[in-house]
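Enquirer: Sequence:
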Amino acid sequence: MFSHVMVGTNDIERSKRFYDALLGVLGVGEPHRNTNKTGQQRLFYRHEGVSFCISEPLDGEAATCANGGTVGFKCTSPEQVKQFHDVGVAHGGTSIEEPPGLREGQMGALYLSYLRDPDGNKLCALHRPKA
Numbered sequence: 002m003f004s005h006v007m008v009g010t011n012d013i014e015r016s017k018r019f020y021d022a023l024l025g026v027l028g029v030g031e032p033h034r035n036t037n038k039t040g041q042q043r044l045f046y047r048h049e050g051v052s053f054c055i056s057e058p059l060d061g062e063a064a065t066c067a068n069g070g071t072v073g074f075k076c077t078s079p080e081q082v083k084q085f086h087d088v089g090v091a092h093g094g095t096s097i098e099e100p101p102g103l104r105e106g107q108m109g110a111l112y113l114s115y116l117r118d119p120d121g122n123k124l125c126a127l128h129r130p131k132a
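Here the sequence shown is numbered in our numbering, starting from 2 and rising by one per residue.
Keep in mind that a hint or two might mislead.
Unchecked claim - With a cut-off of at most 16 Å between alpha-carbon atoms, the simulated EDC-like pairs for lysine to aspartate or glutamate come out as follows:
hint, residue 1, residue 2
1, Lys123, Glu80
2, Lys17, Asp120
3, Lys83, Glu98
4, Lys131, Glu99
5, Lys123, Glu99
6, Lys131, Glu105
7, Lys83, Glu99
8, Lys38, Asp60
9, Lys17, Glu31
10, Lys123, Glu98
Claimed, not checked - Across the chosen pairs, the derived CB separations fall in these ranges:
hint, residue 1, residue 2, range
11, Leu103, Gln41, 34 to 44 Å
12, Val51, Gly121, 19 to 29 Å
13, His5, Gly109, 21 to 31 Å
14, Thr39, Arg18, 44 to 54 Å
15, Gly40, Gly106, 38 to 48 Å
No lab work stands behind these hints, which were simulated from the structure alone.
Where a beta carbon is used, it is the ideal one built from N, C-alpha and C, also for glycine.
Kindly generate the complete structure, drawing on both the sequences and the hints.
Expert: Structure follows, in structure tokens:
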């Protein structure tokens, strides 16, 4: 359904250090760096046919996080959910909500963790066990 997700940053190098470490947990390599005609930098992390992008705002205003917005990353195991969370916190992210672990609900059993990146964007690591 999605081709890419892009979030804003006020510090592209801080975001690169954070996302290089965090997305490395999922097997994502180095991003493609792009500078547009007006000088804003963007990082494009490409993996399994989709892109996750970090961008300095093109309008020149400060980057802000979306209230109510979450970017979810698919994990292959409960251990990878926890590692995603722990690596993110170790690289400047902030743990939010409940600790990483199993959640039972209407959607069935899910292993989840939530954190905010250094710019405040809400991230989720999710593993859905096979039924």
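Enquirer: Give a verdict on every hint.
Expert: Taking the hints in turn, this is what the structure says about them:
1. Lys123 / Glu80: Since the Cα atoms of Lys123 and Glu80 sit roughly 20 Å apart, the hinted pair is violated (cutoff 16 Å).
2. Lys17 / Asp120: Holds, at about 12 Å.
3. Lys83 / Glu98: holds (14 Å)
4. Lys131 / Glu99: violated (23 Å)
5. Lys123 / Glu99: Holds - the C-alpha atoms of Glu99 and Lys123 are around 14 Å apart, at most 16 Å.
6. Lys131 / Glu105: holds (14 Å)
7. Lys83 / Glu99: With Cα atoms ~12 Å apart, Lys83 and Glu99 stay inside 16 Å; holds.
8. Lys38 / Asp60: Holds. Lys38 to Asp60 sits at ~13 Å (cutoff 16 Å).
9. Lys17 / Glu31: holds (9 Å)
10. Lys123 / Glu98: holds (11 Å)
11. Leu103 / Gln41: 34 to 44 Å: Holds: the Cβ-Cβ distance is about 41 Å, inside 34 to 44 Å.
12. Val51 / Gly121: 19 to 29 Å: holds (23 Å)
13. His5 / Gly109: 21 to 31 Å: The hinted range 21 to 31 Å holds for His5 and Gly109, with Cβ atoms some 28 Å apart.
14. Thr39 / Arg18: 44 to 54 Å: For Thr39 and Arg18 the Cβ distance comes to about 24 Å; the hint is violated.
15. Gly40 / Gly106: 38 to 48 Å: Roughly 45 Å apart at Cβ, these two residues keep to the hinted range, so it holds.
Comparing the model with each earlier hint shows violations of hints 1, 4, 14; every other hint is respected.
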